[in-house]
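**Student:** Each chain, written out:
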Amino acid sequence: MNRLETSIGAMKLKNPVMTASGTFGYGEEYSKFIDLNRLGAVVVKGISLNPMEGNPVPRICETPSGMLNAIGLQNVGLKVFIEEKLPFLRRFDTRVIVNILGNTVEEYVELARHLEEAAVDAIELNVSCPNVKKGGIAFGTDLAAMGALIEQVRAATRLPIITKLSPNAGNIAEFARVAENAGSDAVSLINTLLGLAINPQTRRPRLANITGGLSGPAIRPIAVRMVWEVFRKVKIPIVGMGGIMDSDNAIEFILAGATAVAVGTANFVQPDASVKIVDGIERYVEENELHSIREIVGGMII
Amino acid sequence: MAVNHFRLTLAPGQEVTLPAPGQFYMLGVTGGTDPLLKRPFSLFRLGKNGAINILYRVKGKATQMMTGLQPGTVLDMLGPLGNGFPNIEGKRPIIVAGGLGVAPLTALAESLRFDSPRIFVGARYAGDVLATDILRAIDSDLSISTDDGSTGSQGLVTDAVDEYLESAGTSAQDHVIYGCGPRGMLKALAGLAGRYGVEGYVSLEEHMACGVGACLGCVTKAAAGYRRICKEGPVFRIGEVVL
Numbered sequence: 001m002n003r004l005e006t007s008i009g010a011m012k013l014k015n016p017v018m019t020a021s022g023t024f025g026y027g028e029e030y031s032k033f034i035d036l037n038r039l040g041a042v043v044v045k046g047i048s049l050n051p052m053e054g055n056p057v058p059r060i061c062e063t064p065s066g067m068l069n070a071i072g073l074q075n076v077g078l079k080v081f082i083e084e085k086l087p088f089l090r091r092f093d094t095r096v097i098v099n100i101l102g103n104t105v106e107e108y109v110e111l112a113r114h115l116e117e118a119a120v121d122a123i124e125l126n127v128s129c130p131n132v133k134k135g136g137i138a139f140g141t142d143l144a145a146m147g148a149l150i151e152q153v154r155a156a157t158r159l160p161i162i163t164k165l166s167p168n169a170g171n172i173a174e175f176a177r178v179a180e181n182a183g184s185d186a187v188s189l190i191n192t193l194l195g196l197a198i199n200p201q202t203r204r205p206r207l208a209n210i211t212g213g214l215s216g217p218a219i220r221p222i223a224v225r226m227v228w229e230v231f232r233k234v235k236i237p238i239v240g241m242g243g244i245m246d247s248d249n250a251i252e253f254i255l256a257g258a259t260a261v262a263v264g265t266a267n268f269v270q271p272d273a274s275v276k277i278v279d280g281i282e283r284y285v286e287e288n289e290l291h292s293i294r295e296i297v298g299g300m301i302i
Numbered sequence: 001m002a003v004n005h006f007r008l009t010l011a012p013g014q015e016v017t018l019p020a021p022g023q024f025y026m027l028g029v030t031g032g033t034d035p036l037l038k039r040p041f042s043l044f045r046l047g048k049n050g051a052i053n054i055l056y057r058v059k060g061k062a063t064q065m066m067t068g069l070q071p072g073t074v075l076d077m078l079g080p081l082g083n084g085f086p087n088i089e090g091k092r093p094i095i096v097a098g099g100l101g102v103a104p105l106t107a108l109a110e111s112l113r114f115d116s117p118r119i120f121v122g123a124r125y126a127g128d129v130l131a132t133d134i135l136r137a138i139d140s141d142l143s144i145s146t147d148d149g150s151t152g153s154q155g156l157v158t159d160a161v162d163e164y165l166e167s168a169g170t171s172a173q174d175h176v177i178y179g180c181g182p183r184g185m186l187k188a189l190a191g192l193a194g195r196y197g198v199e200g201y202v203s204l205e206e207h208m209a210c211g212v213g214a215c216l217g218c219v220t221k222a223a224a225g226y227r228r229i230c231k232e233g234p235v236f237r238i239g240e241v242v243l
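Protein sequence lines, in the order shown, are assigned to chains Z and B. Anchor point for the first sequence: position 149 equals 149 in the numbering used here, and the numbering is continuous, going up by one each time. Anchor point for the second sequence: position 47 equals 47 in the numbering used here, and the numbering is continuous, going up by one each time.
Treat the hints as calculated values from the structure; they're not laboratory data. There's no promise every hint is true.
[As the list claims (entries may be wrong)] Below, a list of computed lysine-lysine pairs in the DSBU-like style, where the Cα atoms sit at most 30 Å apart:
1. Lys233/Z x Lys14/Z
2. Lys32/Z x Lys231/B
3. Lys32/Z x Lys48/B
4. Lys79/Z x Lys221/B
5. Lys276/Z x Lys61/B
6. Lys32/Z x Lys276/Z
7. Lys231/B x Lys79/Z
[Unchecked claim] Across the chosen pairs, the derived CB separations fall in these ranges:
8. Ile210/Z x Val242/B: 20 to 30 Å
9. Arg183/B x Gly183/Z: 41 to 51 Å
10. Pro12/B x Arg91/Z: 27 to 37 Å
11. Arg183/B x Asn181/Z: 26 to 36 Å
12. Lys235/Z x Val58/B: 22 to 32 Å
13. Ile198/Z x Tyr125/B: 26 to 36 Å
14. Val242/B x Ser292/Z: 49 to 59 Å
15. Leu18/B x Phe33/Z: 12 to 22 Å
We put the CB at the ideal spot given by N, CA and C, even for glycine.
Build out the structure end to end from the sequences listed, making use of the hints.
**Tutor:** Here it is in structure tokens:
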């Protein structure tokens with residue numbers, strides 16, 4: 001029996017470790033460093049209907065125990081993704097979850113329909129990217145707009161829907177509850193926290209976009225706290241993320257209420273971070289004589 | 001070394017792929033979370049037994065910490081990454097280095113030493129002029145230009161290249177340009193390449209998070225969209241990207 005097995009709605013995962021969207025390309029970039037078969041799921045870089053160019057550089061800068069990014073959702077678009085990127089990922093025994101974003105409800109719906117035809121395993125609704133003016137975040141900061149979006153996508157597809165929530169939008173648990181009521185199978189959190197870094201010498205922002213999304217270990221306690229708040233409010237599974245660097249960090253999220261976890265910035269630091277986290281969770285399960293990792297979801301002792 | 005510049009020699013702990021000039025490594029300095037990300041460094045020289053030499057300038061926290069590394073310290077390194085300089089058969093190399101751009105071009109000059117490369121080095125002032133001993137051994141006519149004239153001739157390195165191509169007359173097109181340095185210099189170099197009809201390649205740099213093409217942080221503008229410096233570069237053909 002696989003003690004690491006878990007599930008998000010009807011989707012079974014061989015283990016709870018995913019990659020966070022935007023930090024793992026389309027999988028191919030990391031396939032020469034790690035065995036993708038070992039991952040519970042690969043969540044690919046956000047896909048829009050048409051290709052997006054992204055923001056000017058500098059797009060990233062390092063901050064204490066973290067980094068700011070304002071990539072601006074650069075991506076190859078739906079058609080190229082399905083024709084050129086998806087077939088590669090399909091060669092591996094791992095779930096493929098596609099992060100999608102649009103400017104209108106109709107765009108999300110169209111993306112979901114095409115991806116269901118392309119037989120991906122699930123979609124993650126990006127309603128929380130802080131780095132573009134249009135698209136995504138417009139839905140993620142308005143409870144009613146987000147609920148309506150999820151309902152429309154729900155009506156259009158049988159694929160599991162994971163709604164990725166913003167930590168910048170107010171009470172995240174409220175958003176999670178709306179997502180649950182609108183038919184989302186799960187929520188993932190947190191997306192990056194909006195931040196700003198200024199170069200004192202030049203007096204200019206360090207990113208061309210001025211502000212960017214903060215990720216990495218610096219945001220972890222905030223992310224863990226938000227997972228715990230959401231866990232107490234909803235019954236659907238949570239994919240927890242935010243500065244997970246090792247398996248202890250991953251366990252922390254699981255104890256706070258996450259059913260699965262996503263590894264993001266750590267991929268940049270160590271290409272094999274995600275599989276090392278799978279190994280570490282396996283050891284934890286053995287050492288603690290758990291029958292299943294699911295036993296400790298939300299298992300924080302107070 | 002010149003002011004504020006240092007060399008670091010890394011002996012691979014396992015069998016590794018030999019790097020090509022222009023390729024780079026992501027180097028983890030702390031293993032901790034501050035600094036968090038690895039830093040990109042290009043190959044400066046290839047030492048004995050596959051030892052990788054890099055040349056760096058102290059710029060921030062990570063490079064400051066690197067100056068304090070003790071011999072025998074084990075560091076985490078990823079590479080060689082990216083595409084190096086292509087070898088263009090039958091053409092005489094013109095190597096143009098601005099400031100720290102001399103790092104990857106020293107590796108290139110050493111690999112092209114039998115093609116009689118002409119080497120041009122430019123810097124702000126004498127304290128930023130690096131590796132001249134190595135480069136002069138390859139090209140005894142090594143040209144040095146500084147902004148303030150504190151060593152070599154005063155002026156822009158690209159003006160020296162311009163003069164050389166001008167004097168080459170119709171044989172200018174029998175050369176190939178390799179450049180690395182500030183964007184302004186590379187832009188001027190691209191202008192020369194166009195004017196004299198010379199093929200050329202430049203190596204670019206940008207902040208990087210992953211170094212393997214995933215984060216899309218280190219892009220540079222091309223005619224249509226962006227190219228990843230870490231993956232499609234760091235060496236690009238002049239004309240392939242907007243300088």
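**Student:** What are the numbers of the hints the structure violates, in ascending order?
**Tutor:** Hint check: 11, 12 fail, others pass.
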